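S.K.: Construct all of the structure, not just a fragment, from the sequences and the given hints.
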Amino acid sequence: MTFKSRAVVLVCLFLTIFYFSSLFSHTDAQNPPSNYYYVNPRQYEKVDGVDRYSAFIFIGGVPRSGTTLMRAMLDAHPSIRCGEETRVIPRILGLRSQWKRSEKEWRRLNEAGVTSKVLDAAISSFIIQIIAGHGAPADRLCNKDPFTLKSTEYLASLFPNSKFILMIRDGRATVHSIISRRVTITGFDLTSHRQCLEKWNTAIATMYQQCQSVGAYRCMIVYYEQLVLHPEEQMRRVLKFLNVPWNESVLHHETLIGKDISLSKVERSSDQVVKPVNLDALSKWVGHFPEDVLIDMPHIAPMLAELGYDPLANPPNYGKPDSIVLKNTNDLHQNYDHWYRKAVAVVGDPSRVDRVPGP
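Going left to right, the sequence shown walks through residues -29 to -1, 1 to 330 as mature numbering (1 follows the signal peptide of the UniProt record, and there is no 0) numbers them.
Just so you know, the hints here were simulated from the structure itself, not pulled from any lab data.
Careful, some of the hints might be misleading.
To be verified - Computed list of lysine-lysine pairs in BS3-like fashion (alpha-carbon distance at most 25 Å, straight line):
# : residue 1 : residue 2
1 : 313       : 291
2 : 211       : 291
3 : 88        : 71
4 : 255       : 211
Bear in mind the structure is a predicted one, so any value in this text is a computation, not a measurement.
M.R.: Below is the structure:
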């Protein structure tokens, strides 16, 4: 990275920290905004009982893989608070990774006294402030920023009692959703299914390896398709993994949107998670890939087979849904105008909401 690039990154980081610090300044403490949880800026290592030994929950995966659905379902649990994507946590982790990869940069930092220990303390404090400060307090705090799980090993070392949920979805469905919804992701060429599949393959391979590295006790893999087909079975499994008591509310997240669950107007999945768990997005990718890409699929995206998908199945067979999911899907189709209006009310932009069920 050039000096100019580093300077820009550091300035952006400073402005980010300044922005969040200003939200929770002493002046604002008298009348804090209603949607913010007050954080004392003097508390860097600990925030109202939250520290690096807290049992944080990190949800990640390639964007458009069900991370928002998972966090909405967990947000419905009275003991858990996830909230919207912070966007800054994966960036600070990415910045640290860049420094670590550059032998010259890492040597400069160490010469300046910015050792691994110092940097780890600063980054963990930053992450604690963001997670604790961007929403209401809860027994279990959760973060959903998809690309954080590219740093699972590092986060596991920073937060020894944390747990991780890696959301995995058929890469063809993920790529179709990214392209059709024009989701901007650095490095993804939205004009090329082949290139996006290659990028998906690289990203999920990294996350999968990191998840495997920290072990099944720390990182659980959840398949989006199985979550949609069998929500109760999968959520019981997830809550057991997290050591959180079962609560039926996680199966009805849509009833809590705008109440206990807040959604971001800018996240591309917000218009979809206002609806109950349904089947509409599972196989929407079928019929949208060029023939040459379908033929080369095993070579373009070998992680499909590694993760248990049939790269040549077109259409795929993900399994038989539970009766409640069939009912949800039928109700959704019969009352789609109602759900359309609800989605528009959440995101504030009709052009971002499908008039018919979408990917």
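S.K.: Against each hint, give a clear statement of whether it holds in the structure.
M.R.: Taking the hints in turn, this is what the structure says about them:
At roughly 29 Å between alpha-carbon atoms, residue 313 and residue 291 are farther apart than 25 Å, so this suggested pair is violated. Restraint check for residue 211 and residue 291: satisfied, since their Cα atoms lie roughly 24 Å apart, inside the 25 Å limit. Between residue 88 and residue 71, the direct Cα distance comes to roughly 13 Å. Compliance with the 25 Å bound is thereby established for this hinted pair. About 31 Å separates the Cα atoms of residue 255 and residue 211, which puts this hinted pair outside 25 Å; it is violated.
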